[in-house]
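S.K.: Residues in the sequence shown are numbered from 8 upward in steps of one, following the numbering used here.
For the record, the hints were derived by calculation from the structure and aren't laboratory data.
For each residue, glycine too, the CB sits at the ideal point set by N, CA and C.
Watch out, some of these pointers could steer you wrong.
What the hints assert, rightly or not - Each computed DMTMM-like pair below joins lysine to aspartate or glutamate, with the alpha-carbon atoms no more than 25 Å apart:
| no. | residue 1 | residue 2 |
| --- | --- | --- |
| 1 | Lys26 | Asp38 |
| 2 | Lys94 | Glu32 |
| 3 | Lys94 | Glu59 |
| 4 | Lys94 | Asp111 |
| 5 | Lys94 | Glu106 |
Unchecked claim - Label pairs and their in silico Cβ distance ranges:
| no. | residue 1 | residue 2 | range |
| --- | --- | --- | --- |
| 6 | Thr228 | Ser125 | 36 to 44 Å |
| 7 | Asp223 | Gly86 | 52 to 60 Å |
| 8 | Ala24 | Leu236 | 36 to 44 Å |
| 9 | Ala123 | Ala225 | 48 to 56 Å |
| 10 | Ala225 | Asp38 | 21 to 29 Å |
| 11 | Glu135 | Pro241 | 26 to 34 Å |
| 12 | Gln46 | Ser125 | 41 to 49 Å |
| 13 | Arg230 | Pro17 | 27 to 35 Å |
| 14 | Thr228 | Gln25 | 53 to 61 Å |
| 15 | Ala95 | Gly221 | 51 to 59 Å |
| 16 | Thr242 | Leu19 | 21 to 29 Å |
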Amino acid sequence: MSETAQLGLPLLQPAQAQKHVTVNEAMARLDGLVQLVLQSVTRSTPPLTATEGQAWGVPAGAINEWAGQAGRVAIGVNGGWTFVQPKAGWRAHVLDRGEHALHDGSAWMLGHLTLAPSGAGVRIRVVEVDHLVGAGPLSTTGAVIPSHALVLGVTARVIGDMTGTLTSWSLGNPGATGRFGSGLGVSAGSYARGLLSSPMAFYTPTALELVAQGGDFAGGTVRMAVHYLDLTLPTG
8 MSETAQLGLP LLQPAQAQKH VTVNEAMARL DGLVQLVLQS VTRSTPPLTA TEGQAWGVPA
68 GAINEWAGQA GRVAIGVNGG WTFVQPKAGW RAHVLDRGEH ALHDGSAWML GHLTLAPSGA
128 GVRIRVVEVD HLVGAGPLST TGAVIPSHAL VLGVTARVIG DMTGTLTSWS LGNPGATGRF
188 GSGLGVSAGS YARGLLSSPM AFYTPTALEL VAQGGDFAGG TVRMAVHYLD LTLPTG
């Protein structure tokens, strides 16, 4: 054996010279893989400088130093890159998505809590939007709740003061005013924690709806996050 079976760590060979080189390479790989944090799994161009110990999931079509390494984990070592093949069942946190990922043997599956051999599973997701509040009594987002989502709740924070004649506002979806909060503050830093008593299924893409109370909106910015579960299908 020239390397370990699980993590691909290089092994010392009998009568090997410069043993420290092999040991240091093994330690560097181990440092990058334990408590695995991937900076991204979609970036195809490597950083100009390889940061020591920083790990990336190399996507298909990667170029430059990552060319030909699709599907592997690239770890910055001594100013360059070492590559490790992940295996089914490995878990990582993907920083640029803010999600955990589970490897299915060929790719990183974002948000998966469970994953059957067929690809069926349960994912937990968060989708965020910064919404510019328009003038009037009502301000509606785009369709931020995805189709076939089991929504646990919606959180929100005012990141730019709400202006106008309103005294407060409510957050819901069309046909359900205030479902995720009412009597909410208008100053920056005010928030809503709209936890549903029972998770609710949405079968079509659905907008969020902000309703002014005691007056009208003139402007403002609200950051909102939809927290939900969804199901992935088995392969054919």
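S.K.: Now look at each hint and say whether the structure bears it out.
M.R.: Hints and how they fare:
A C-alpha spacing of about 18 Å is found between Lys26 and Asp38, which places the hinted pair at or below 25 Å, so the restraint holds. Between Lys94 and Glu32 the alpha-carbon distance is near 20 Å, which keeps this suggested pair within the 25 Å criterion. Using a Cα cut-off of 25 Å, the hinted pair Lys94 and Glu59 holds, with the two alpha carbons roughly 23 Å apart. Straight-line distance between C-alpha atoms of Lys94 and Asp111 comes to about 7 Å, which keeps the hinted pair within the 25 Å bound.
A threshold of 25 Å between alpha carbons decides the hint, and for Lys94 with Glu106 the separation of about 19 Å falls inside it, so the pair holds. As the Cβ distance of Thr228 to Ser125 is approximately 43 Å, the hint placing it in 36 to 44 Å holds. At about 58 Å, the CB distance of Asp223 to Gly86 agrees with the hint of 52 to 60 Å. For the hinted restraint 36 to 44 Å between Ala24 and Leu236, the CB-CB distance of approximately 55 Å leaves it violated.
For the hinted restraint 48 to 56 Å between Ala123 and Ala225, the CB-CB distance of approximately 51 Å keeps it satisfied. Separation of Ala225 from Asp38 is about 53 Å and departs from the stated range, judged on CB atoms against 21 to 29 Å. Between Glu135 and Pro241 the Cβ separation comes to about 29 Å, which falls inside the hinted range of 26 to 34 Å. In this structure the supplied range 41 to 49 Å is violated for Gln46 paired with Ser125, their Cβ-Cβ distance being about 30 Å.
Checked against the hint of 27 to 35 Å, the C-beta distance between Arg230 and Pro17 comes to roughly 46 Å, which is inconsistent with it. Judged by the Cβ atoms, the range 53 to 61 Å given for Thr228 and Gln25 holds: they are separated by roughly 58 Å. Checking the proposed 51 to 59 Å range against Ala95 and Gly221 shows it holds: the Cβ atoms sit about 56 Å from each other. For Thr242 and Leu19, the hinted distance range of 21 to 29 Å is not satisfied, since their beta carbons lie about 42 Å from each other.
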